[in-house]
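K.L.:
Could you fit the two chains together into a complex? Lean on the hints.
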Amino acid sequence: MKELIKSLVEAYGPSGHEDAVRSILAEVLRGRASELRTDALGNLIAYKKGSGGGKRVMIAAHMDEIGLAVTHVDKKGFLRVASVGGVFPPTLVGGRVRFANGALGVIGCEKWLTANTPTWDEIFVDVGATCPEDAPVGVGDIACFERSFADLGRRLVAKAMDDRIGCAVAAQALLELGDSPHELYFVFTTQEEVGSRGATVSAFGVEPEVALAVDVTLIGDTPEAKPMAVSLGAGPAIKVMDAGMLTHPGVKQWMIATAQAAGIPYQLEVLERGGTDAEVMQRTRGGVPAGCLSIPTRYVHTPSEMVDYDDVQKAVALLVALLSKEITWP
Amino acid sequence: MFLQELAEARGVAGHEQAVRDLVLNAIKPWIDTHRVDALGNLICLRRARGQPTEQGPRKVMLAAHMDEVGLMITGINSDGTLRFGPVGGIDPRVLLSKQVLVGDDAVPGVIGARPIHLTTPADRERVVELDKMAIDIGVTSKSAAEKKVKLGDYVSFRTTFEVLDTEGLRTVKGKAMDDRIGCYVLTELLKTDYAFDLYAVFTAQEEVGLRGAKVAAYAINPDLALVFEGTVCDDIPKDKDISPVTELGKGPALTFMDRSVIADPRLVRLLVRTAERLGIPYQFKRAIAGGTDAGAIHLTREGVPSAVIAVASRYIHAPVSMVSLNDVDHTIQLAREALHTLEGGLEA
Numbered sequence: 000m001k002e003l004i005k006s007l008v009e010a011y012g013p014s015g016h017e018d019a020v021r022s023i024l025a026e027v028l029r030g031r032a033s034e035l036r037t038d039a040l041g042n043l044i045a046y047k048k049g050s051g052g053g054k055r056v057m058i059a060a061h062m063d064e065i066g067l068a069v070t071h072v073d074k075k076g077f078l079r080v081a082s083v084g085g086v087f088p089p090t091l092v093g094g095r096v097r098f099a100n101g102a103l104g105v106i107g108c109e110k111w112l113t114a115n116t117p118t119w120d121e122i123f124v125d126v127g128a129t130c131p132e133d134a135p136v137g138v139g140d141i142a143c144f145e146r147s148f149a150d151l152g153r154r155l156v157a158k159a160m161d162d163r164i165g166c167a168v169a170a171q172a173l174l175e176l177g178d179s180p181h182e183l184y185f186v187f188t189t190q191e192e193v194g195s196r197g198a199t200v201s202a203f204g205v206e207p208e209v210a211l212a213v214d215v216t217l218i219g220d221t222p223e224a225k226p227m228a229v230s231l232g233a234g235p236a237i238k239v240m241d242a243g244m245l246t247h248p249g250v251k252q253w254m255i256a257t258a259q260a261a262g263i264p265y266q267l268e269v270l271e272r273g274g275t276d277a278e279v280m281q282r283t284r285g286g287v288p289a290g291c292l293s294i295p296t297r298y299v300h301t302p303s304e305m306v307d308y309d310d311v312q313k314a315v316a317l318l319v320a321l322l323s324k325e326i327t328w329p
Numbered sequence: 000m001f002l003q004e005l006a007e008a009r010g011v012a013g014h015e016q017a018v019r020d021l022v023l024n025a026i027k028p029w030i031d032t033h034r035v036d037a038l039g040n041l042i043c044l045r046r047a048r049g050q051p052t053e054q055g056p057r058k059v060m061l062a063a064h065m066d067e068v069g070l071m072i073t074g075i076n077s078d079g080t081l082r083f084g085p086v087g088g089i090d091p092r093v094l095l096s097k098q099v100l101v102g103d104d105a106v107p108g109v110i111g112a113r114p115i116h117l118t119t120p121a122d123r124e125r126v127v128e129l130d131k132m133a134i135d136i137g138v139t140s141k142s143a144a145e146k147k148v149k150l151g152d153y154v155s156f157r158t159t160f161e162v163l164d165t166e167g168l169r170t171v172k173g174k175a176m177d178d179r180i181g182c183y184v185l186t187e188l189l190k191t192d193y194a195f196d197l198y199a200v201f202t203a204q205e206e207v208g209l210r211g212a213k214v215a216a217y218a219i220n221p222d223l224a225l226v227f228e229g230t231v232c233d234d235i236p237k238d239k240d241i242s243p244v245t246e247l248g249k250g251p252a253l254t255f256m257d258r259s260v261i262a263d264p265r266l267v268r269l270l271v272r273t274a275e276r277l278g279i280p281y282q283f284k285r286a287i288a289g290g291t292d293a294g295a296i297h298l299t300r301e302g303v304p305s306a307v308i309a310v311a312s313r314y315i316h317a318p319v320s321m322v323s324l325n326d327v328d329h330t331i332q333l334a335r336e337a338l339h340t341l342e343g344g345l346e347a
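Here the protein sequences come in this chain order: A and B. Here the first sequence is numbered in numbering that gives the first Met the number 0, starting from 0 and rising by one per residue. Here the second sequence is numbered in numbering that gives the first Met the number 0, starting from 0 and rising by one per residue.
Because the hints were derived from the structure by calculation, they are not lab data. Ideal Cβ placement from N, Cα and C applies to all residues, glycine included. Hints are supplied without guarantee of correctness; some may be wrong.
Said to hold, decoys possible - Taking beta-carbon pairs under 8 Å as the criterion, some of the chain B residues facing chain A (in silico):
#	residue
1	PRO236
2	ASP240
3	PHE255
4	ARG300
Unchecked claim - In silico lysine-lysine, DSS-like type, Cα no more than 27 Å apart, as pairs:
#	chain 1	residue 1	chain 2	residue 2
5	B	LYS249	A	LYS74
6	A	LYS75	B	LYS249
7	A	LYS74	B	LYS172
Here chain B stands alone, though its shape is the one from the complex (with noise of 0.2 Å):
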């Protein structure tokens, strides 16, 4: 499954190189051109074919990010452990007895900690803070750890991917869903053609602050952007009667406003008709948080209206994460009926 090697390829903030390659690999038959630019974009174009209507978009751009949360290595201990900082938002209390992988070469490491025997309840009530942990790669001294690891060494979290059901929710388990979710997304929507130029952007650096999107944007200069991710999932039961953010298997999730975009009204009208209209399930982002790459692609040059679709995927920003099938096909499906649709153009 293409979604499996998505999910167990490393790529950190600032290291996409390893799911840009995979990709380009599995969508090479279905583009035009690529390009990767300055900042590890992967910039892939799938030319209009049949006649653009008057009102309708000349170019549409389509992002989603190659990029996943990690750690860096910022310093080597002398007795061979490893200090590192978080990249992207990571929480600490998702990070201690979890096995990583650290640089090019995979050094297989553990993040150690200190086993139940000898913590107090008072040891136990505490969050341990990034900075009293360490990355234990089995070496006993500095040497031995210079000779497999480097400063500014990137590291990943090592997680298998597994289908878990393949009934019901059809539920998969694996690292980086946020947002290998919606890079395979965008790679189905490639296979498709439409009236309109279509830019499918592989971006990077997502998770550090929407920066791969933001010179993307610049360069392809769209009429409109649609942005797919995967967000927050907490379908867990809650003690009020309070929406979770999202719920698994409720279908795509559209945003109407996080922190970083409102999205463009017209485009959500146009999200939620194509929707209803089709029997697709949908649901809103129940909650004005986090942000995406919309955020940067839609205040480029003189504006460009833009949406996101999210696939809900539990367990986001930590080692593992859970998405349903059904959710990613309901996205696929929606997203390219909606792309139809728009080849009309905008309604006001």
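Next comes chain A alone, as it looks inside the complex (with noise of 0.2 Å):
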């Protein structure tokens, strides 16, 4: 699975800008699914039929990571630039982001060492050109940060672990997936980080009767973090609730109670900021029960962000076991 996580995570795809990410994903799973479409707004829709008497489960993680939008090209050569989703200024200087035609970039501050915190003002992008005529992008072009995947044994970092291990475990779940009751819609989603839009229409297209979202969450054990009782290698996470959703009770006790029987060791999550994909999922049409499963991530939203293995591995399985039975709750 490492193969799959590595490839995905060093694709090219900020919000909007998917499509490489989406052909690997189409690739691993031509075949394995019954039927495998792309929507309008860009979402890839790999469904597997069921053998009968379950229920339509959409399952979504999205292919989207934050970037870097160019808005200006000055006189000598130098980009400005604007975020693409939740990018904060101070992981920025002295990293590097790739464009969609390749083109690596340096991000340089002015006023480096001097200044405090860095404001979006003040940052640039140095692609290496001396006029703007020399720049290989333009206005509108997008970038993504550029670093390579780490493997530290038991953990795991690269940029964009959000949320290409949630696409990973998706995929990895479906080709592990024997016969399932269920109608399974793995929806691997397009622009999360600007508003769960991908999630808000393949959910109204879908129309599942239950939705999991796989994403990641924050964690609190690296030092002087704030307080989270959610913690790297202690299994994958419940979502009890976010800023954008609170965890439909009989979700929350179905995956908690498939946890147990299958002894996988769970942690419970209850993230003081961010969403997910679940909450447009549970506001579509008429209303759909809706959980997360989520992957504790540290350093989320820079260029490095770190899970632990064994929490991935068990989140497959626990996906895995999810929908393979039954879904029932009191």
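P.N.:
In structure tokens:
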């Protein structure tokens, strides 16, 4: 599974420009899903036919990552940029970015070293050009972080673990699943980082009876971290709530009972900020019981997001267990 | 000039009737059917002429919003002055000393300001908050005011349209260029045949949250959408080498991303290629700011590929804004050609 993760996290895919990630996933799932299609907003929908008697279930993991959009090329060829999704300037300076055409850039900052926290007005990207004509990219082009995948043994580090790790978990679960009574729609969504836009329209189309997002969540186990009862390596997390959703109590119970029955360790997640595709699936049409299987992740929305490989594998096992049997709650 | 009539019509969000009547009257010969929906959107259909291609869209939605930012009466003071709140995004600094019209009867009023004789330097450093302002309609008692206005009356700016320059950029000024300029573009686009059903929607309540477009798009369920806007233009000298968001006279402004939508990259490419093929000037909107009806339309049902074409408009969301008629003509030309190219479908 590490190879799949590596290829996914290293792919270029800022919000709205998820084509490369979609190609990788389509390649992996071709022949294994009963049907694969791409909708008007670029969501990849992999349908796995059920053996009968089950529910229509949507599993969503988002393909897009945060990025930078060029808003201006100055006379010396430096690029001014704006954020695509939640990018924090302190994570940028000295880092590198990559554009769709492969062009690389270094992120600089005005008055570097004397500046406090850099602001967007002070950030620029240096693509090695000396004039606008020389620049390999222009206004409207979008970059993602440039950072290779690193396998630290137990822990894996990369850009875009948010949410390629969710894509990897969902895809792997689809590959490992045997017969399921449920009509399963694995949706690899677009534009989550700018407001769960892909999930909004794909959930309308799929019209699920139960919905699960697979996404990253924050942790509280680094030095002086804000207290949060989620740690790396303690198992996948079952979301209780975040800023955008209260998990359906039945879905939460179903997830807990399934983990316990399968002997999979889990953590309960209460996230004070942020949201996932689950919140828009929950509110599609007349409403859908929804939950979220979360992968604890350190340094979220930086170029080096870290997950625990054991958590990842157990998340796959839990997702397979959830989708294999009848879905019930009191 | 029809643009003058559009700009001078009063249409604060939720009260678009005057604009709607004006538009409908102007475009009736050019459309097959129309209807006004529950939220006040004017939905016009010009049916396909000619043979649609296999890959081409069947239904294309064009949208421009009829509503403008303004104020609403929230209280009548004992001295006959009127309290008000904003309808849409209004900076309090643009309001003082402005002339307004209140309600359906267009009662004239002035947003009063304390004269300079009575202010201290410290006063002049401060922004007067909205709730410290009042509209003066020239009466001296609550009962006299109540004979002319009532709570909930909308308030529009009183601004005359004028042509400022007939050469060069062909600049005009008037109120509500955001988005009567888009309404004007739409009326022109309706005068041409296309190989798909063209739904031109003059939307309501954009300025308070894309409300009209949301329900209109749901009803139409289009294959593609183009939104026409008047957008931020700040082409004033900058102290750094940083782009203005848009510049007057530099052609239609294309959005690649704003707060509400990431424009479909295929549509953006098509617009850019069309402009370059025909030598039509164009510019990108160079900030990720603001939102448009495309934000609601592209999220409709199973998703609608959408893009935005805007006319650079100086001083928007204020009593008076300014546009270049060259930009307006180029916007119409680009959109018309792009729509014809779209008849063959979107490239992958």
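K.L.:
Next, verify each hint and record whether it holds.
P.N.:
Against the structure, the hints:
{"no.": "1", "hint": "PRO236", "verdict": "violated, 15 Å"}
{"no.": "2", "hint": "ASP240", "verdict": "holds, 4 Å"}
{"no.": "3", "hint": "PHE255", "verdict": "holds, 4 Å"}
{"no.": "4", "hint": "ARG300", "verdict": "holds, 5 Å"}
{"no.": "5", "hint": "LYS249(B) with LYS74(A)", "verdict": "holds, 18 Å"}
{"no.": "6", "hint": "LYS75(A) with LYS249(B)", "verdict": "holds, 22 Å"}
{"no.": "7", "hint": "LYS74(A) with LYS172(B)", "verdict": "violated, 32 Å"}
The structure fails hints 1, 7 (numbered hints given earlier, in ascending order).
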